[in-house]
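Student: Protein sequence lines correspond, in order, to chains A and B.
In terms of our numbering, the first sequence opens at residue 4 and continues consecutively.
In terms of our numbering, the second sequence opens at residue 4 and continues consecutively.
Since the hints were derived computationally from the structure, they do not count as laboratory data.
Just so you know, not all the hints are guaranteed correct.
Pairs involving identical chains hold if they fit within one copy or between any two copies, as the list cannot separate such chains.
Dumping the calculated SDA-like pairs for lysine to any residue here, alpha-carbon to alpha-carbon at most 25 Å [what the hints assert, rightly or not]:
1) Lys110 x Gly131
2) Lys110 x Ala63
3) Lys145 x Ala71
4) Lys42 x Gln117
5) Lys26 x Gly121
6) Lys67 x Gly78
7) Lys145 x Gly84
8) Lys26 x Asp64
Quick caveat, the model's predicted, so the values are computed rather than measured.
2 protein chains.
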Amino acid sequence: MWRIAAIIGCLAIGTAPAFGQSKAAIQKLNDEWTAAFNKGDGAAVAATYAEDAYVLPPGADIVKGRAAIEAFWRGAVGQLGDARLTTVDVLPLSGTAAREIGTVTLKTKAQPPQEIVGKYVVVWCRIGRDWKLATDIWNTNK
Amino acid sequence: MWRIAAIIGCLAIGTAPAFGQSKAAIQKLNDEWTAAFNKGDGAAVAATYAEDAYVLPPGADIVKGRAAIEAFWRGAVGQLGDARLTTVDVLPLSGTAAREIGTVTLKTKAQPPQEIVGKYVVVWCRIGRDWKLATDIWNTNK
Chain A
4 MWRIAAIIGC LAIGTAPAFG QSKAAIQKLN DEWTAAFNKG DGAAVAATYA
54 EDAYVLPPGA DIVKGRAAIE AFWRGAVGQL GDARLTTVDV LPLSGTAARE
104 IGTVTLKTKA QPPQEIVGKY VVVWCRIGRD WKLATDIWNT NK
Chain B
4 MWRIAAIIGC LAIGTAPAFG QSKAAIQKLN DEWTAAFNKG DGAAVAATYA
54 EDAYVLPPGA DIVKGRAAIE AFWRGAVGQL GDARLTTVDV LPLSGTAARE
104 IGTVTLKTKA QPPQEIVGKY VVVWCRIGRD WKLATDIWNT NK
């Protein structure tokens, strides 16, 4: 069943799915994401995404696939840091998918550092034993 | 089963879910959304959302619930029109949920009109017999 899920994305197949991820579990995944980001490790950030994930950054085109996502985050970590993600709401969609809404703050590395405040939506999918970001989009509040 | 689905959001419960929405079916829902938007009918736009939906607009805080969503779109249709939504990718998550990625163009009503080009993510949920927007977030490309 894991393999099937990996092939077809995160569509739940078969018997009744259990409930999806909890808010605490997703917050923990986010803390891993920010740890990688704040170390400036674009490859580790990219590794939190599904192979066929989409990232939709403000001010840029759609980024598709882990290689392109890694290139994107490698660039971003040079300019931004001190990220904090806070999970606001989790909507379980099946045993293998959940929608998260959260808020984000980060700081520019240019001097003086400017704080950026935003919000995001992530669709998480279970791929094998791991939960991965399948879709990631955000914008700023101001 | 419809009632249960309506109560708990769009989590698939029970037997194996069928495949989710097709790209063509979601494009049709989008065409209904834009017809309402381009007529300036904020209430009709809001009616395409689930009661407990979230909208995450750039330059603003998170908007939650259909009443707040209606107020938001009533304001927006005064300033923007000529919207066109194009479905790029649909990821079925269960028989009652799907993630859509799309592109959007619209024009400001101020003279001279300016074109805005963006992209979005929508999580669609089946509520009873209808598919509704449960989560809607977008940003601009430039």
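Student: Can you tell me if lysine 42 and glutamine 117 fall within 25 Å by alpha carbon in one copy, between copies, both or neither?
Tutor: within (18 Å within a copy, 40 Å between copies)
Student: Check lysine 145 against alanine 71 for me: Cα-Cα at most 25 Å, and say if that holds within a copy, between copies, both or neither.
Tutor: between (27 Å within a copy, 19 Å between copies)
Student: State whether the alpha carbon distance between lysine 110 and glycine 131 is at most 25 Å within one copy, between copies, both, or neither.
Tutor: neither (34 Å within a copy, 44 Å between copies)
Student: For the identical chains here, do lysine 67 and glycine 78 meet the 25 Å Cα criterion within one copy, between copies, both, or neither?
Tutor: within (15 Å within a copy, 33 Å between copies)
Student: First find the shortest C-alpha distance between lysine 110 and alanine 63 inside one copy, then the shortest across copies, and answer within, between, both or neither for a cut-off of 25 Å.
Tutor: both (19 Å within a copy, 19 Å between copies)
Student: Given a CA cutoff of 25 Å, do lysine 26 and glycine 121 count as a within-copy pair, a between-copy pair, both, or neither?
Tutor: within (19 Å within a copy, 29 Å between copies)
Student: 25 Å Cα cut-off: does lysine 145 pair with glycine 84 within a copy, between copies, both or neither?
Tutor: Cα proximity of lysine 145 and glycine 84: in one copy and across copies (19 Å, 22 Å).
Student: How do lysine 26 and aspartate 64 come out at 25 Å by Cα distance, when the copy is not named: within, between, both, or neither?
Tutor: Answer is between: at 20 Å across copies they meet the 25 Å cutoff, but 30 Å inside does not.
Violated hints amount to a single one, hint 1; each of the other numbered hints is respected by the structure.
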